[in-house]
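Engineer: Sequence:
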Amino acid sequence: MNDHELARKLARETGSLLLGLRTHAASISNSTDSARSALAEEILGSEGDRVAHDYLLEQFTIHRPDDVVLSEEGDLEVERLSANRVWIVDPLDGTAQYSSGGDDFAVHIALWQADSDLAGKITAASVSVPARNELWSMDEPIQRYQPKGEPIRILVSRSRPPKELANVVAALQQQLPERGQVQVIPMGSVGAKVGAILSDQADAYFNSGGFYEWDLAAPLGIAIHNGLDVTDCRGKQIELNQVNLRVKDILISRNELTATIVSALAQK
1 MNDHELARKL ARETGSLLLG LRTHAASISN STDSARSALA EEILGSEGDR VAHDYLLEQF
61 TIHRPDDVVL SEEGDLEVER LSANRVWIVD PLDGTAQYSS GGDDFAVHIA LWQADSDLAG
121 KITAASVSVP ARNELWSMDE PIQRYQPKGE PIRILVSRSR PPKELANVVA ALQQQLPERG
181 QVQVIPMGSV GAKVGAILSD QADAYFNSGG FYEWDLAAPL GIAIHNGLDV TDCRGKQIEL
241 NQVNLRVKDI LISRNELTAT IVSALAQK
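For the sequence shown, counting from 1, position 81 maps to 81 in the numbering used here; every step adds exactly one.
Rather than coming from a laboratory, the hints here were simulated on the basis of the structure.
Just so it is clear, CB atoms sit at the ideal spot from N, CA and C, and this is done for glycine as well.
Honestly, I wouldn't trust all of these hints.
Each computed DSS-like pair below joins lysine-lysine, with the alpha-carbon atoms no more than 30 Å apart [said to hold, decoys possible]: (1) K236 x K121; (2) K121 x K248; (3) K9 x K121; (4) K163 x K236; (5) K236 x K248; (6) K163 x K248.
If you anchor each label on the Cβ, the simulated ranges turn out as follows [unchecked claim]: (7) E178 x K236: 28 to 36 Å; (8) Y145 x H63: 27 to 35 Å; (9) E256 x R50: 25 to 33 Å.
Sequences and hints are given; from them, build the entire structure.
Structural biologist: This is the structure in structure tokens:
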């Protein structure tokens with residue numbers, strides 16, 4: 001099994017595991033008692049993270065015992081800084097959406113290789129959005145996109161919309177008036193957002209509030225593979241497997257929108 005096949009297998013199977021766990025918990029979380037329902041959501045979220053993480057570690061031990069694994073739910077392995085192969089995974093990206101019954105959560109599986117010339121050094125990646133029956137992988141044919149002149153659709157975090165949003169919307173409407181009123185769409189997981197862009201349900205996503213490498217690594221690989229621009233909010237390339245795992249900001253965009261968005265983000 002090559003790295004692409006393993007990434008796809010793990011993303012798909014972990015997604016199925018999470019759906020099964022949520023179905024099993026549904027009888028509790030559908031309770032009419034609001035306090036009980038809130039507790040059930042909290043338990044489901046923490047159990048989903050734990051079960052998915054444990055499953056992935058077990059599978060990596062079987063299939064790639066010599067590789068380092070960096071997971072949101074695991075120890076921040078120090079040996080990753082000198083390793084050639086590091087799997088950067090988020091067993092459950094979008095815990096709040098998962099535990100509350102939403103469909104915009106995802107599983108992220110990415111392989112970082114120190115000797116790679118690819119952007120971000122991600123050489124294999126898969127993103128599963130199981131509640132939407134979506135699975136994106138870097139070994140699949142590139143998704144071809146042709147602008148249709150429809151309204152520009154910007155994805156933002158459900159919980160923390162960026163403070164620069166008004167500037168970006170105004171700049172896009174001024175630069176591309178023929179596209180009409182810009183639409184703003186809140187969504188959860190970064191993986192779900194990239195899937196929405198690739199399936200032509202959106203055009204760009206930016207986050208100026210920051211997150212961590214496991215939130216981004218697999219979606220970055222999928223987005224770049226499919227020809228999207230992936231930079232920080234100043235238009236610079238993202239570097240992964242860094243000492244500081246915090247990623248300050250991110251822009252994932254269709255090529256024709258990137259320069260306008262970067263310029264708008266530079267405005268104070």
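Engineer: Look at each hint and say if it fits the structure.
Structural biologist: Hint check results:
1. K236 x K121: 15 Å, holds
2. K121 x K248: Judged against 30 Å, a Cα distance of about 18 Å means the pair holds.
3. K9 x K121: 21 Å, holds
4. K163 x K236: Given that 30 Å is the threshold and the Cα spacing comes to 20 Å, the pair holds.
5. K236 x K248: Satisfied, since the Cα-Cα distance of roughly 12 Å is no more than 30 Å.
6. K163 x K248: The given pair, whose Cα atoms are some 14 Å apart, holds under the 30 Å limit.
7. E178 x K236: 28 to 36 Å: 30 Å, holds
8. Y145 x H63: 27 to 35 Å: 34 Å, holds
9. E256 x R50: 25 to 33 Å: 42 Å, violated
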